[in-house]
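Sequence order for the protein chains is S, Y, P, B, U and W.
When we follow the numbering used here, the leftmost residue of the first sequence carries the number 1031, and every step to the right adds one.
When we follow the numbering used here, the leftmost residue of the second sequence carries the number 1031, and every step to the right adds one.
When we follow the numbering used here, the leftmost residue of the third sequence carries the number 1031, and every step to the right adds one.
When we follow the numbering used here, the leftmost residue of the fourth sequence carries the number 1031, and every step to the right adds one.
When we follow the numbering used here, the leftmost residue of the fifth sequence carries the number 1031, and every step to the right adds one.
When we follow the numbering used here, the leftmost residue of the sixth sequence carries the number 1031, and every step to the right adds one.
Simulated from the structure, these hints should not be mistaken for lab results.
One thing to keep in mind: the hints can contain errors.
No copy is singled out in the list; a pair is fine if it fits within one copy or between any two copies.
As the list claims (entries may be wrong) - Distance condition first, Cα-Cα at most 20 Å in a straight line; then the derived SDA-like pairs of lysine to any residue:
{"hint": "1", "residue 1": "Lys-1032", "residue 2": "Leu-1064"}
{"hint": "2", "residue 1": "Lys-1042", "residue 2": "Val-1098"}
{"hint": "3", "residue 1": "Lys-1040", "residue 2": "Glu-1058"}
{"hint": "4", "residue 1": "Lys-1040", "residue 2": "Ala-1050"}
{"hint": "5", "residue 1": "Lys-1042", "residue 2": "Asp-1061"}
{"hint": "6", "residue 1": "Lys-1048", "residue 2": "Met-1031"}
{"hint": "7", "residue 1": "Lys-1048", "residue 2": "Asp-1061"}
{"hint": "8", "residue 1": "Lys-1040", "residue 2": "Val-1098"}
{"hint": "9", "residue 1": "Lys-1040", "residue 2": "Gly-1097"}
{"hint": "10", "residue 1": "Lys-1056", "residue 2": "Ile-1046"}
{"hint": "11", "residue 1": "Lys-1042", "residue 2": "Ile-1059"}
{"hint": "12", "residue 1": "Lys-1048", "residue 2": "Val-1060"}
{"hint": "13", "residue 1": "Lys-1032", "residue 2": "Glu-1084"}
{"hint": "14", "residue 1": "Lys-1042", "residue 2": "Leu-1064"}
{"hint": "15", "residue 1": "Lys-1042", "residue 2": "Glu-1099"}
{"hint": "16", "residue 1": "Lys-1032", "residue 2": "Ile-1081"}
{"hint": "17", "residue 1": "Lys-1048", "residue 2": "Leu-1064"}
{"hint": "18", "residue 1": "Lys-1048", "residue 2": "Glu-1058"}
{"hint": "19", "residue 1": "Lys-1042", "residue 2": "Asn-1071"}
{"hint": "20", "residue 1": "Lys-1040", "residue 2": "Ile-1081"}
{"hint": "21", "residue 1": "Lys-1048", "residue 2": "Glu-1075"}
There are 6 protein chains.
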Amino acid sequence: MKLSARNVLKGKIVAITKGATTTHVKIEIVDGMLVTSSITNEACEDLRLEIGQEAAAIIKASDVIIGVE
Amino acid sequence: MKLSARNVLKGKIVAITKGATTTHVKIEIVDGMLVTSSITNEACEDLRLEIGQEAAAIIKASDVIIGVE
Amino acid sequence: MKLSARNVLKGKIVAITKGATTTHVKIEIVDGMLVTSSITNEACEDLRLEIGQEAAAIIKASDVIIGVE
Amino acid sequence: MKLSARNVLKGKIVAITKGATTTHVKIEIVDGMLVTSSITNEACEDLRLEIGQEAAAIIKASDVIIGVE
Amino acid sequence: MKLSARNVLKGKIVAITKGATTTHVKIEIVDGMLVTSSITNEACEDLRLEIGQEAAAIIKASDVIIGVE
Amino acid sequence: MKLSARNVLKGKIVAITKGATTTHVKIEIVDGMLVTSSITNEACEDLRLEIGQEAAAIIKASDVIIGVE
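Assemble the whole structure, with the sequences as input and the hints as a guide.
See below:
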């Protein structure tokens, strides 16, 4: 499936932290650069996410804030 | 200012496309890896964004979808 | 690609309205029930969206507000 | 109250899963088509959500990603 | 309609800027404190928004980032 | 850091509710007007948020829905 979302950052899952209903997943997209995602436990189980697995962080352009010093 | 947003990806602005009310900004966070952001023209002018400028793409963890093959 | 996003509503594109940088797309997911999406013109061109095409409206659970009378 | 949000999908609540601070609610908008929402426990209690209750899934157009095969 | 969204900030519309497909609306929620919203032109026309009108800025808790000095 | 996000509402933290992975934080931006935010526990610990602390609620314009009676 091709997505309208402009940002599809590919990497490897390096951490999964499960809560009562919400799971946090960290993807390393380049050496030392992590992207953290907060998803439902249901999604985590459905995709059978595991540490070491290849995965993409998908982000809509309208969800990206710009910051400058 | 320190932010609760888990993802602050630093890079350089490589493209700015201005529309009637909305501007699209592309930040290169590593060689060849771009993040696209959609912001208001007002924000673009307020921050005086320019190509070549250092900038960060800031993304809340709850806005990151995970995709796997 | 499998997505963590809990909501993937399949239908047909029934309207595309292009602006200066932002395009609005309407997908009919069941008879008379439309979902409106606001995406970048770039995404619209990249996916070559056309009226009549099958498409899915993808929505993260954290972006769904509940309303009751 | 009338809302600017373009998507107000009406249906019936078919599942409520409460976590420590976050609740997941599933609304059936047409036979077999569910929309999942992730809200605060506080909101769930405030609206006194119950299985079987009529409810709407409200989604801003800017939060809808388009996917095509 | 009661909403799960935790933030409903009431005020008066003080500015409306229409673009090709996107409109920016500013609501003054207390003296000198504005909230800016970006909505579709369609929503703006549908709600017949006008300067001086009472309106609420509605924001889901998961869309609020915290910043500290 | 200057942000493209149009809404930076300053106030004081008046409540922090920690869950298994998600924390809810309430900021009083003017007398009796609260903004609720849902963030990761990690962010809460990272920023060392405490009741009474000055903090800002940061919201992108594209995440603000307008409601009118």
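Hints versus structure:
1. Taking the shortest alpha-carbon separations for Lys-1032 and Leu-1064, only the inter-copy value of 18 Å comes in at or below 20 Å, while the best intra-copy value is 24 Å.
2. For a Cα distance limit of 20 Å, the shortest separation of Lys-1042 from Val-1098 across copies, 10 Å, qualifies, whereas the shortest one inside one copy, 28 Å, does not.
3. In this homomeric assembly, Lys-1040 and Glu-1058 come within 20 Å of each other (Cα to Cα) both inside a single copy, at 8 Å, and across copies, at 15 Å.
4. In the homo-oligomer, the alpha carbons of Lys-1040 and Ala-1050 never lie at most 20 Å apart, since the shortest distance is 27 Å inside one protomer and 28 Å across protomers.
5. Taking the shortest alpha-carbon separations for Lys-1042 and Asp-1061, both the intra-copy value of 10 Å and the inter-copy value of 18 Å come in at or below 20 Å.
6. With identical chains, the CA atoms of Lys-1048 and Met-1031 are never at most 20 Å apart, being 28 Å at best within one copy and 23 Å at best between copies.
7. With identical chains, the CA atoms of Lys-1048 and Asp-1061 are never at most 20 Å apart, being 24 Å at best within one copy and 31 Å at best between copies.
8. When the C-alpha separation of Lys-1040 and Val-1098 is checked against a cutoff of 20 Å, the pair qualifies only between copies, where the shortest distance is 9 Å, while the shortest distance within a copy is 25 Å.
9. When the C-alpha separation of Lys-1040 and Gly-1097 is checked against a cutoff of 20 Å, the pair qualifies only between copies, where the shortest distance is 9 Å, while the shortest distance within a copy is 23 Å.
10. Proximity of Lys-1056 to Ile-1046 under the C-alpha cut-off of 20 Å is restricted to the intra-copy arrangement: shortest distance 7 Å within a copy versus 24 Å between copies.
11. Within a single copy, Lys-1042 and Ile-1059 get their C-alpha atoms as close as 7 Å, and across copies as close as 17 Å, so both meet the 20 Å cut-off.
12. Taking the closest pair of Cα atoms, Lys-1048 and Val-1060 never come within 20 Å of each other, the shortest separation being 24 Å inside a single copy and 30 Å across copies.
13. Taking CA atoms no more than 20 Å apart as the test, Lys-1032 paired with Glu-1084 passes in both settings, with 18 Å inside one copy and 12 Å between copies.
14. In the homo-oligomer, the alpha carbons of Lys-1042 and Leu-1064 lie at most 20 Å apart both inside one protomer (9 Å) and across protomers (18 Å), since each shortest distance falls under that limit.
15. Only between protomers do Lys-1042 and Glu-1099 lie at most 20 Å apart by alpha-carbon distance; the minimum there is 12 Å, versus 30 Å within a single protomer.
16. In the homo-oligomer, the alpha carbons of Lys-1032 and Ile-1081 lie at most 20 Å apart only across protomers (17 Å), although the nearest pairing inside one protomer, at 25 Å, exceeds that limit.
17. Taking identical chains as interchangeable, the C-alpha atoms of Lys-1048 and Leu-1064 lie at most 20 Å apart only when both belong to the same chain, with a minimum of 18 Å there against 24 Å between chains.
18. Proximity of Lys-1048 to Glu-1058 under the C-alpha cut-off of 20 Å is restricted to the intra-copy arrangement: shortest distance 18 Å within a copy versus 27 Å between copies.
19. In the homo-oligomer, the alpha carbons of Lys-1042 and Asn-1071 lie at most 20 Å apart inside one protomer (19 Å), although the nearest pairing across protomers, at 23 Å, exceeds that limit.
20. Taking the shortest alpha-carbon separations for Lys-1040 and Ile-1081, only the intra-copy value of 14 Å comes in at or below 20 Å, while the best inter-copy value is 25 Å.
21. Taking identical chains as interchangeable, the C-alpha atoms of Lys-1048 and Glu-1075 lie at most 20 Å apart whether they share a chain (10 Å) or sit on different chains (17 Å).
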